[in-house]
Amino acid sequence: MAKKPVKNKKTTKKTSVKVKPEHYFFVVDGSVIKDLKGLAEALDQMSDDTFYYHVGELRNDFHNWTKDVLKEVELAEKLLDDKTRESHLIQVLKHIVRKIK
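Every letter in the sequence shown is one number past the one before it in our numbering, and letter 84, counting from 1, is 84.
You may find that some hints are simply not true.
[As the list claims (entries may be wrong)] Straight-line C-alpha distance at most 25 Å; calculated DSS-like pairs for lysine-lysine: (1) Lys78 with Lys34; (2) Lys94 with Lys34; (3) Lys99 with Lys37; (4) Lys34 with Lys99; (5) Lys20 with Lys67.
It is worth saying that the hints were derived from the structure and are not from the lab.
Work out the full structure: start from the sequences and follow the hints.
What follows is the structure in C-alpha coordinates.
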(Lines of atoms letter the chains of each structure in order from A; the text may use other names.)
(Lines give C-alpha, C1' and ligand atoms only; values in the text may rest on other atoms or scores of the structure.)
Protein backbone atom coordinates (compact mmCIF):
# COMPACT_ATOMS: atom_id res chain seq x y z
CA MET A 1 0.00 0.00 0.00
CA ALA A 2 1.47 3.34 -1.08
CA LYS A 3 1.94 6.06 1.49
CA LYS A 4 0.08 9.31 1.01
CA PRO A 5 2.23 12.42 0.83
CA VAL A 6 2.08 14.42 4.04
CA LYS A 7 1.17 18.08 3.75
CA ASN A 8 2.82 20.45 6.14
CA LYS A 9 -0.02 22.69 7.29
CA LYS A 10 2.34 24.99 9.19
CA THR A 11 4.26 25.79 6.01
CA THR A 12 1.06 26.50 4.11
CA LYS A 13 -0.20 28.83 6.81
CA LYS A 14 3.08 30.73 6.97
CA THR A 15 3.13 31.54 3.28
CA SER A 16 -0.55 31.75 2.42
CA VAL A 17 -2.58 34.67 3.75
CA LYS A 18 -6.24 34.48 2.80
CA VAL A 19 -7.14 37.59 0.83
CA LYS A 20 -10.74 38.59 0.24
CA PRO A 21 -11.67 38.93 -3.44
CA GLU A 22 -12.14 42.68 -3.11
CA HIS A 23 -8.45 42.93 -2.12
CA TYR A 24 -7.01 40.78 -4.91
CA PHE A 25 -4.34 42.45 -7.03
CA PHE A 26 -5.71 43.04 -10.52
CA VAL A 27 -2.82 43.19 -12.96
CA VAL A 28 -3.14 45.42 -16.03
CA ASP A 29 -2.78 42.33 -18.28
CA GLY A 30 -6.00 40.88 -16.82
CA SER A 31 -4.44 38.36 -14.45
CA VAL A 32 -5.33 38.30 -10.76
CA ILE A 33 -2.96 37.80 -7.83
CA LYS A 34 -4.51 36.31 -4.71
CA ASP A 35 -1.56 35.62 -2.40
CA LEU A 36 2.21 35.68 -1.98
CA LYS A 37 2.72 32.54 -4.05
CA GLY A 38 0.57 34.05 -6.78
CA LEU A 39 2.69 37.19 -6.70
CA ALA A 40 5.84 35.14 -7.29
CA GLU A 41 4.19 33.25 -10.16
CA ALA A 42 2.89 36.47 -11.71
CA LEU A 43 6.27 38.21 -11.51
CA ASP A 44 7.87 35.20 -13.16
CA GLN A 45 5.39 35.20 -16.05
CA MET A 46 4.53 38.86 -16.67
CA SER A 47 6.09 40.99 -19.37
CA ASP A 48 8.36 43.88 -18.52
CA ASP A 49 5.76 46.27 -19.96
CA THR A 50 3.17 44.92 -17.52
CA PHE A 51 5.63 45.17 -14.63
CA TYR A 52 6.57 48.76 -15.44
CA TYR A 53 2.91 49.74 -15.60
CA HIS A 54 2.76 48.92 -11.88
CA VAL A 55 6.28 50.02 -10.86
CA GLY A 56 7.87 53.34 -11.75
CA GLU A 57 9.46 56.44 -10.30
CA LEU A 58 6.28 57.58 -8.56
CA ARG A 59 4.59 54.29 -7.72
CA ASN A 60 5.12 50.71 -6.73
CA ASP A 61 1.80 48.88 -6.65
CA PHE A 62 3.42 45.62 -5.51
CA HIS A 63 4.96 47.38 -2.51
CA ASN A 64 1.61 48.90 -1.59
CA TRP A 65 -0.28 45.61 -1.94
CA THR A 66 2.21 43.52 0.04
CA LYS A 67 2.24 46.14 2.82
CA ASP A 68 -1.44 47.05 2.97
CA VAL A 69 -3.17 43.79 2.04
CA LEU A 70 -0.74 40.97 2.83
CA LYS A 71 0.69 42.84 5.85
CA GLU A 72 4.19 41.74 4.79
CA VAL A 73 5.93 44.97 5.82
CA GLU A 74 9.48 43.59 5.69
CA LEU A 75 8.99 42.37 2.11
CA ALA A 76 7.21 45.57 1.12
CA GLU A 77 10.16 47.69 2.24
CA LYS A 78 12.52 45.62 0.09
CA LEU A 79 10.23 45.93 -2.93
CA LEU A 80 10.11 49.70 -2.55
CA ASP A 81 13.76 50.04 -3.55
CA ASP A 82 13.71 47.39 -6.30
CA LYS A 83 12.88 48.67 -9.75
CA THR A 84 13.10 45.53 -11.93
CA ARG A 85 10.81 42.55 -12.33
CA GLU A 86 13.66 40.15 -11.66
CA SER A 87 14.68 41.84 -8.41
CA HIS A 88 11.06 41.86 -7.24
CA LEU A 89 10.80 38.15 -8.00
CA ILE A 90 14.02 37.38 -6.12
CA GLN A 91 12.84 39.33 -3.07
CA VAL A 92 9.46 37.57 -3.03
CA LEU A 93 11.05 34.12 -3.39
CA LYS A 94 13.60 34.86 -0.64
CA HIS A 95 10.77 36.02 1.61
CA ILE A 96 8.80 32.82 0.99
CA VAL A 97 11.86 30.68 1.77
CA ARG A 98 12.51 32.59 5.01
CA LYS A 99 8.91 32.06 6.09
CA ILE A 100 9.13 28.32 5.47
CA LYS A 101 12.25 27.91 7.63
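Cross-check of the supplied hints:
| no. | hint | result |
| --- | --- | --- |
| 1 | Lys78 with Lys34 | holds, 20 Å |
| 2 | Lys94 with Lys34 | holds, 19 Å |
| 3 | Lys99 with Lys37 | holds, 12 Å |
| 4 | Lys34 with Lys99 | holds, 18 Å |
| 5 | Lys20 with Lys67 | holds, 15 Å |
In this structure, every one of the numbered hints holds.
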